[in-house]
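Undergrad: Here's the letter readout for the chains.
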Amino acid sequence: MVTEFETKLLGFMMMIIMLGMGASLTWRDFLIAFRRPKGVIIGLVCQYGIMPALGFALAQVLGLPPAIAVGLILMGCMPGGTTSNIFTYFSKAVLALSIMMTSASTLVALGMVPATLAFYSGLAGYEGDYTIPAANVAQVLVVLLVPTIIGMVLRKVNPNVGATLELFGGIMGIAVILFLVVTWIPRNHQLLLDTPLNVYLGAIGLGLVGMALGYALARLLKQDPNRSRTIALETGIQNGPLAILIVTISISGPRQQDVLLIPVLYSLFIVISSSIVTVFFRRASEREALARDRAKVGVVASFGATAPGP
Amino acid sequence: MIDTDISTPHDAPWRAAYNKAGIAPELNPPTHASLAALVHEACSRYAQSAPKQAAFTCVVPNGMNGSLRFAEVDALSDAFAGYLRGVLGLQAGDRVAVQLPNCLAYPVVAFGVFKAGCVLVNTNPLYTEKEMAHQLKDAGAQALVIIDMFADKLPAVLQATGLKHVVLADVTAFFPAVPRAVVRSVQKVWSRVLPPITVPHVRLAPALKRGAATLSQTPARRYWEGVGPGDLAALQYTGGTTGVSKGAMLTHSNLLHNVNQMLAMGATHMSQGQECVLTALPLYHIFAFTANLLGFLVIGARNVLVPSPRPVQNLQRAIENNPITWMTGVNTLYNGLLNEEWFLAYPPKQLKASIAGGTALHQAVAERWRQVTQTPIAEGYGLTETSPVVSFNPLSGTPRNSSIGIPAPGTHVRLVNDAGDLVATDEPGEIHVKGPQVMQGYWGQAEETAKVLQDGWLATGDIAVMDREGFLRIVDRKKDMVLVSGFNVYPNEVEDAIAQMPSVLEVAVIGIPDDTTGEAVRAYVVPNPDHAGDVSAEEVVAHCKKQLTAYKVPRQVIVRDELPKSPIGKVLRKELRAEALAELGAPRS
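Line by line, the protein sequences give chains S and P.
Residues 6 to 315 in my numbering are what the first sequence spells out, letter by letter.
Residues 128 to 716 in my numbering are what the second sequence spells out, letter by letter.
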């Protein structure tokens, strides 16, 4: 269902995306993030604590068959997607935090994705045909680290080139989704019609429930509403194209179609659900900004007349 | 006007301080007759000695940048002079309003205006239509160079002023093609900050082309050769505290002298051709205009222009990607940087010194800056009316907190009480300034001029004390003083005390009417978001009680998210007072 050529093209687009992500960063940004790691740690907890567990839980609750469930769990184990940065920008949330969280989760993906994937697959009792070999996942991630590092180097050498790549990477993130819409849907519309409701619920629910949980955790840990919205978007938005790439490389034959179903549906629907959430988040950000402007007088405390001293 | 006395008074108590700090006590007279000659000579000299070095680099928040070399600045500003005189037919002395944020177009246009022998009218790009119309009409501007982002104000302004010539510039002017295209499309499609333009105009690039074409007939030099030190160089508008915006008339001599005064004070920490200065303050403001644009050009520095320093995050790439050796700023900017993680983790390694002006530099900020950057920061003092430098702290030696330093070489300073008598050492009095940097008066406002300028002495409206060694300390603006039961409370002192609290990001103090004490002190505090836990009014009061005499302790403390600020980041107490009065419903004269 995905041709050899499309897999290669997808891989190439992924490279551009990662090149752009690398170009959005400097080593300093990383070192700074780890000096005061609270935001990044919350992000990592959301990314590799909440999301894989959520993928697993949804698969169980919705009673998805193993072939499809494994796609949902894989989706849950993915690092943050670069499109989250674009939605964060439009939401008027904290862009720097979003970039940092995406990058941090991508960098630790090498260890965390195979580990969480193996753990939850094991927990669900999937074996043999329906597992995605950890080595494959690690391999893809290593290959993608190369453009990320090249992006960082380019950024340092020439900021003009770096910033341009950053922008192209972001655009490519959307382009991949459009590419899927154009190539995949027409060929598989029958499949989409035959897909039962619980699969849709899983694909859409992962993003939306993930955002809700991310927001709740951030608020619980005393992050302000704006940072919490950033963390929510970051948690809910996973790297869909990466999951698709991993599946197409790891699994072949008719099973590929089943495993691929959730990652593809997720990638399509996350754009829609993020856009809707962004509208609300943006309103909330604007409302708060306005409230700040209007709050000419905040907490007024009056004290009894202090007698002038000498 | 030209033969102003530029000697440092013999009995000046600050002469010894000059010696101690390695500052030449006598001011070098300007070496050029006009700013045009100065700019041209500096540009050609550095174009020879450092042909590849960038003179100006503009960095936008995502790190994209463009640069102009000295030779390019010289040639392009010649072309702009050619456009003004040769194409538009302007005459020497005609006023040209320039309404640009920091960008590469700024030096080209401003130097072009000087080379054309015209008068520069710096205009704040954020002005409303009404403010623009007032200023352009008052100055009698013949042409306007404006940033395209704000061109939506033009129809109303042109109608109100009858102004004919409009040149449009943009922030990415002279950037390489790709980053320029990227930033422009982001501005247009994404941030939608480029309004449609409905009035007749010409873009900067074609204007320069047409101007350059006229130079073969009339070289630009022809336009500035006749300009002398006593000619008007700039009308620098100042809101003043009285409300009406007035244009301070600054001559070429005023600015040339002040450049030398600024350089004399900084010389110990400057090397010709070796500096890279961060220009985050807007160039349309007199501080950055004289210090950064002119002063650092003279010493062949590279000037890193940041179009907008707000949010402070915007400075990150400019600081990371350029070897910044010098900074100019205001209290809020330094404080802002000290609250940025990226700055604290990697303060600029090559930094040599920083100067602060515009408003009082809080002691807590100054100390922290020295500790974080391991370099000196010196507070200076000046006014639009004095081009602007009046006094500066020497950069070498033990820093003196909360002092605005000693008068710059060639400056006479006296402190006067309400009766007009000189006050004794350590007694507060209004600062009066006389020197080659003092303006000629307010444009078309003889009455206003007479109020502040008598026998060459400029009354500043600032109250200060001078110690035995000639160091001045501002106690406050005359107008900002709070009178609590007959006792003077200077808001600066209270602000300084509160600013020491780590939970406080910013603070402003004003006086409000009070039935029992006449006036009472009210403090506005902005909590520091990086500090665990909120700041409470009770804590602020408890802290002040430890630091200040009882009558100076704020009666009211108001916690809010932001303070009203001027374009360069001065906290506007005036606005807070207006708000407070409206809120209390008590009219007060």
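Heads up, a few of these hints could be off.
BS3-like mimics (lysine-lysine), calculated; alpha carbons at most 27 Å apart, straight line [said to hold, decoys possible]: (1) P/K692 x P/K606; (2) P/K701 x S/K161; (3) P/K315 x P/K280; (4) P/K701 x P/K605; (5) S/K43 x S/K227; (6) P/K291 x P/K280; (7) S/K97 x P/K673; (8) S/K97 x P/K701; (9) P/K179 x S/K161.
FYI, nobody ran anything at the bench for these hints, they're computed from the structure.
Undergrad: Taking the hints in turn, state whether each one holds.
TA: Structure-based check of all given hints:
Of the supplied pair hints, the one linking P/K692 and P/K606 holds, its CA atoms being roughly 17 Å apart against a limit of 27 Å. With a CA separation close to 44 Å, the supplied pair P/K701 and S/K161 exceeds the 27 Å bound. For the hint linking P/K315 to P/K280, the alpha-carbon distance of about 17 Å falls within 27 Å, and the restraint holds. About 13 Å separates the Cα atoms of P/K701 and P/K605, which keeps this hinted pair within 27 Å; it holds.
Pair hint S/K43 plus S/K227 holds up; C-alpha atoms about 11 Å apart against a cutoff of 27 Å. Proximity of P/K291 to P/K280 is assessed by CA-CA distance (about 15 Å); at most 27 Å being required, the pair is judged to hold. At roughly 41 Å between alpha-carbon atoms, S/K97 and P/K673 are farther apart than 27 Å, so this suggested pair is violated. Of the supplied pair hints, the one linking S/K97 and P/K701 is violated, its CA atoms being roughly 31 Å apart against a limit of 27 Å.
A threshold of 27 Å between alpha carbons decides the hint, and for P/K179 with S/K161 the separation of about 21 Å falls inside it, so the pair holds.
Hint compliance for this structure: hints 2, 7, 8 are broken, all remaining hints hold.
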